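J.: Can you build the whole structure from these sequences, using the hints too?
Number of protein chains: 2
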Amino acid sequence: MKKNINIAIIGLGQIGIYLYNEIKIKKKEIEEKTGTKVNIVAISAKNKNKKRKFPIERNIFFKNPFQIFSTKKIDILFECIGSSDGISKKIVEKSLKNKIHVITPNKALIAKHGDMLAKLAEKNRVNLEFEASVAGGIPILRTIKEGLATNKIKKVYGILNGTTNYILSEMENSNENFNDVLKKAQKLGYAEPGNPKLDLNGFDAFAKVRILSALSFNTKISKSNCIMEGIENIKLDDIKIANQLGLRIKLLGISQLIDNKLFETVHPCLVNKNSYIGNVNGVMNAVITEGKPVGESILQGEGAGPGPTSSSLLSDLLSILRGNIKYPFGISSLKRRSVKAFNNDNYTNSLYLRFEVKDKQGVLSSITNRLTKFKISVKRIIQTPDKKNKKATIVIITHKTTEKNSRNCLSIFKKNKNILKFPTLIRLYN
Amino acid sequence: MKKNINIAIIGLGQIGIYLYNEIKIKKKEIEEKTGTKVNIVAISAKNKNKKRKFPIERNIFFKNPFQIFSTKKIDILFECIGSSDGISKKIVEKSLKNKIHVITPNKALIAKHGDMLAKLAEKNRVNLEFEASVAGGIPILRTIKEGLATNKIKKVYGILNGTTNYILSEMENSNENFNDVLKKAQKLGYAEPGNPKLDLNGFDAFAKVRILSALSFNTKISKSNCIMEGIENIKLDDIKIANQLGLRIKLLGISQLIDNKLFETVHPCLVNKNSYIGNVNGVMNAVITEGKPVGESILQGEGAGPGPTSSSLLSDLLSILRGNIKYPFGISSLKRRSVKAFNNDNYTNSLYLRFEVKDKQGVLSSITNRLTKFKISVKRIIQTPDKKNKKATIVIITHKTTEKNSRNCLSIFKKNKNILKFPTLIRLYN
Numbered sequence: 001m002k003k004n005i006n007i008a009i010i011g012l013g014q015i016g017i018y019l020y021n022e023i024k025i026k027k028k029e030i031e032e033k034t035g036t037k038v039n040i041v042a043i044s045a046k047n048k049n050k051k052r053k054f055p056i057e058r059n060i061f062f063k064n065p066f067q068i069f070s071t072k073k074i075d076i077l078f079e080c081i082g083s084s085d086g087i088s089k090k091i092v093e094k095s096l097k098n099k100i101h102v103i104t105p106n107k108a109l110i111a112k113h114g115d116m117l118a119k120l121a122e123k124n125r126v127n128l129e130f131e132a133s134v135a136g137g138i139p140i141l142r143t144i145k146e147g148l149a150t151n152k153i154k155k156v157y158g159i160l161n162g163t164t165n166y167i168l169s170e171m172e173n174s175n176e177n178f179n180d181v182l183k184k185a186q187k188l189g190y191a192e193p194g195n196p197k198l199d200l201n202g203f204d205a206f207a208k209v210r211i212l213s214a215l216s217f218n219t220k221i222s223k224s225n226c227i228m229e230g231i232e233n234i235k236l237d238d239i240k241i242a243n244q245l246g247l248r249i250k251l252l253g254i255s256q257l258i259d260n261k262l263f264e265t266v267h268p269c270l271v272n273k274n275s276y277i278g279n280v281n282g283v284m285n286a287v288i289t290e291g292k293p294v295g296e297s298i299l300q301g302e303g304a305g306p307g308p309t310s311s312s313l314l315s316d317l318l319s320i321l322r323g324n325i326k327y328p329f330g331i332s333s334l335k336r337r338s339v340k341a342f343n344n345d346n347y348t349n350s351l352y353l354r355f356e357v358k359d360k361q362g363v364l365s366s367i368t369n370r371l372t373k374f375k376i377s378v379k380r381i382i383q384t385p386d387k388k389n390k391k392a393t394i395v396i397i398t399h400k401t402t403e404k405n406s407r408n409c410l411s412i413f414k415k416n417k418n419i420l421k422f423p424t425l426i427r428l429y430n
Numbered sequence: 001m002k003k004n005i006n007i008a009i010i011g012l013g014q015i016g017i018y019l020y021n022e023i024k025i026k027k028k029e030i031e032e033k034t035g036t037k038v039n040i041v042a043i044s045a046k047n048k049n050k051k052r053k054f055p056i057e058r059n060i061f062f063k064n065p066f067q068i069f070s071t072k073k074i075d076i077l078f079e080c081i082g083s084s085d086g087i088s089k090k091i092v093e094k095s096l097k098n099k100i101h102v103i104t105p106n107k108a109l110i111a112k113h114g115d116m117l118a119k120l121a122e123k124n125r126v127n128l129e130f131e132a133s134v135a136g137g138i139p140i141l142r143t144i145k146e147g148l149a150t151n152k153i154k155k156v157y158g159i160l161n162g163t164t165n166y167i168l169s170e171m172e173n174s175n176e177n178f179n180d181v182l183k184k185a186q187k188l189g190y191a192e193p194g195n196p197k198l199d200l201n202g203f204d205a206f207a208k209v210r211i212l213s214a215l216s217f218n219t220k221i222s223k224s225n226c227i228m229e230g231i232e233n234i235k236l237d238d239i240k241i242a243n244q245l246g247l248r249i250k251l252l253g254i255s256q257l258i259d260n261k262l263f264e265t266v267h268p269c270l271v272n273k274n275s276y277i278g279n280v281n282g283v284m285n286a287v288i289t290e291g292k293p294v295g296e297s298i299l300q301g302e303g304a305g306p307g308p309t310s311s312s313l314l315s316d317l318l319s320i321l322r323g324n325i326k327y328p329f330g331i332s333s334l335k336r337r338s339v340k341a342f343n344n345d346n347y348t349n350s351l352y353l354r355f356e357v358k359d360k361q362g363v364l365s366s367i368t369n370r371l372t373k374f375k376i377s378v379k380r381i382i383q384t385p386d387k388k389n390k391k392a393t394i395v396i397i398t399h400k401t402t403e404k405n406s407r408n409c410l411s412i413f414k415k416n417k418n419i420l421k422f423p424t425l426i427r428l429y430n
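Chains as they are written, first to last, in my numbering: chain A, 1 to 430; chain B, 1 to 430.
Everything labelled a hint here was simulated from the structure, so no lab data went into it. Certain hints may be false.
The list makes no distinction among identical chains, and a pair is therefore deemed to hold if it is satisfied within one copy or across any two copies.
Said to hold, decoys possible - Calculated pairs, DSBU-like style, for lysine-lysine (alpha carbon to alpha carbon, straight line, at most 30 Å):
| # | residue 1 | residue 2 |
| --- | --- | --- |
| 1 | Lys360 | Lys240 |
| 2 | Lys391 | Lys414 |
| 3 | Lys373 | Lys63 |
| 4 | Lys63 | Lys99 |
For clarity, every value in this text was computed on a predicted model and none was experimentally measured.
T.: In structure tokens, the structure reads:
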């Protein structure tokens with residue numbers, strides 16, 4: 001690496017401004033560790049005058065980020081805008097084409113265009129680094145690419161979204177319902193104030209699953225339709241009942257190779273309260289890999305927020321300053337294989353089914369008869385009457401069955417007028 | 001890196017032979033990931049004809065490892081013998097002087113001579129890598145040096161020895177005493193059959209603590225006398241009583257900067273059964289770092305055995321094949337500072353004290369009076385009489401006090417004839 005490196009930061013939101021300040025205060029440390037002087041020579045955001053956490057040097061501010069390329073010599077660019085397309089994508093493409101290294105925490109961009117961008121980086125012999133895109137401060141991508149390199153990974157899973165994990169933990173702790181806890185999360189900055197949907201519906205975690213799959217299995221980023229469910233339908237009742245059963249609800253992202261086919265999913269899971277994953281609470285993230293010969297590895301840490309994210313962005317910076325050009329996904333794009341998708345219909349789990357029914361004779365047996373017809377055997381039934389409202393809650397834990405079978409079995413309950421709402425289904429983690 | 005790399009492996013015990021086989025079967029993958037062909041051109045061990053897990057190429061075997069230097073061109077040498085001095089040290093020194101990169105899982109060597117060897121590596125512009133020396137398959141050193149680079153780490157601690165963690169877990173699970181479980185551990189290969197002392201007395205964990213400190217705090221490896229206690233005196237009774245109190249005994253290694261002084265220790269700790277660290281059981285290791293801005297990071301995985309160790313050795317190999325020359329301890333030896341030792345006397349904890357006493361009136365009050373005299377206040381007392389033997393067990397949980405104070409306070413009990421054995425002391429983890 002050269003002795004002097006010019007840096008640009010595009011996007012000065014929560015992450016960008018924190019990063020800007022971190023690089024400035026850690027200049028000397030970075031030089032000590034890498035022998036390279038870094039200088040921030042350009043920053044860009046929509047609004048120059050917005051009130052920010054740290055003051056900016058106004059003379060290096062660009063309203064139009066594309067102007068930077070013609071007026072400044074940039075070696076490394078941080079993209080901190082954060083959308084999967086638009087300026088984010090354009091600026092990254094242009095940088096790579098101009099032989100500028102790119103570092104980004106943008107999971108949506110990498111999950112959607114990572115293959116194309118990696119090729120572009122390799123062609124231009126620059127780095128494209130995205131450690132901060134998955135699990136914030138946890139150096140999981142570097143661990144898979146380097147620390148566990150040459151391990152044969154067959155499964156990677158975990159809690160990949162701090163917002164939803166906070167909400168589920170807090171519902172349990174405070175006994176408050178989903179909407180109230182969501183409001184609290186928004187106040188604390190754990191959930192987007194405007195549109196928290198992408199966290200809640202599993203989309204954010206899914207982007208991370210796709211990136212983890214590609215790195216773990218040396219495959220192209222998959223585009224297949226998978227089971228993606230969020231936590232919007234989890235009721236306080238479900239959390240309480242889980243608690244009684246010694247279980248806890250967690251939104252898990254799971255990726256594994258089954259018979260050499262790729263299975264990726266994000267959905268709420270019932271996990272054992274005494275299990276490791278059952279005790280990762282609050283905004284914490286955790287990623288578990290199962291590899292050969294290393295066995296099970298767990299990484300846990302803060303999954304979001306400017307501090308942890310900056311930690312990962314700086315680790316990418318130092319990696320570039322210290323090392324050679326590396327493949328963005330660990331191996332050459334030419335060697336990354338496409339992999340067929342596992343058929344979701346064959347995904348198999350024990351199920352937690354919660355029915356709200358009219359408190360009438362014969363309702364329970366109509367449910368169990370239907371389950372029997374589909375050979376779904378029952379492990380446990382908990383029936384709780386609500387005499388005042390002439391209702392009852394029936395919770396059934398089943399033995400294992402496939403997605404297809406359970407879907408077909410449950411479909412009929414839409415039409416059953418004794419069943420007040422289509423049953424809530426939560427899969428048990430195997 | 002060159003296109004063809006010659007490798008030597010010195011020591012073909014459990015680790016060495018497994019590594020030898022792994023490199024052979026992963027040759028193609030290593031080439032794909034790094035663009036470099038690796039060839040094992042020399043192996044060395046005491047006995048050519050010993051029965052080993054995998055067959056060796058007899059034509060590249062050297063009984064005398066020093067002969068390799070004169071007959072073969074070596075680029076990277078694995079030292080897998082494992083002692084802190086003797087041939088281990090000599091072969092590593094000679095390699096570095098000959099500009100050969102060295103990879104080793106040898107914690108005793110690094111904890112004792114790491115500073116000198118790092119200087120030698122830097123002077124000769126080769127790598128000295130020792131990821132496998134701490135926590136087996138967990139890529140903790142790389143994570144501190146790279147993944148968490150630029151974080152200000154103030155504390156690093158964890159379960160660093162799989163043998164002792166297995167013994168403590170298994171005593172709880174099986175209700176068997178220390179000696180029986182130790183025998184089981186030896187049978188299963190979790191403890192050295194001949195001399196398990198270095199695992200049991202905390203020495204092994206301590207070497208790892210010293211290495212972690214140096215990396216976390218950018219300091220020289222400390223030589224100071226610290227509190228080092230093993231698990232040899234833990235009785236099944238202690239485990240049972242801890243269990244009743246919602247606690248669990250773990251052998252923790254702890255390193256932290258207190259008022260800019262270094263405090264390193266290994267001793268059994270009582271931790272909360274519901275805490276993260278309280279649920280790392282069996283042969284698992286876990287390392288927790290507290291850094292700024294990243295917050296708390298946890299890495300957990302298998303801490304020992306040929307598989308996990310090989311995983312780390314290969315990650316070092318790939319790091320060398322992919323990257324530039326790196327400082328063994330993350331920054332230049334010239335910049336690593338010496339740090340004063342924290343005074344052990346001031347180390348402060350709540351204490352668990354178990355007394356075996358004669359079942360006589362006045363014994364308890366003589367104990368509590370003594371504690372009061374030293375201003376050690378009692379949080380909890382559990383007295384269990386053993387009428388048949390005219391004995392009683394008294395367990396006292398105290399509020400916080402310093403090492404010096406507790407040592408002075410307890411000293412008198414050596415002379416008290418009503419106290420049948422000097423009390424067992426286990427510190428509570430803060």
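J.: With reference to the structure, classify each hint as holding or not holding.
T.: Status of the hints after comparison with the structure:
Taking identical chains as interchangeable, the C-alpha atoms of lysine 360 and lysine 240 lie at most 30 Å apart only when both belong to the same chain, with a minimum of 24 Å there against 50 Å between chains. Proximity of lysine 391 and lysine 414 under a CA criterion of 30 Å is satisfied intra-copy only: 17 Å inside one chain copy versus 69 Å between copies. In this assembly of identical chains, the alpha carbons of lysine 373 and lysine 63 never lie at most 30 Å apart, being 65 Å within a copy and 71 Å across copies at closest. Within a single copy, lysine 63 and lysine 99 get their C-alpha atoms as close as 22 Å, which meets the 30 Å cut-off; across copies the closest is 51 Å, which misses it.
Violated hint: 3 only; the structure is consistent with all others.
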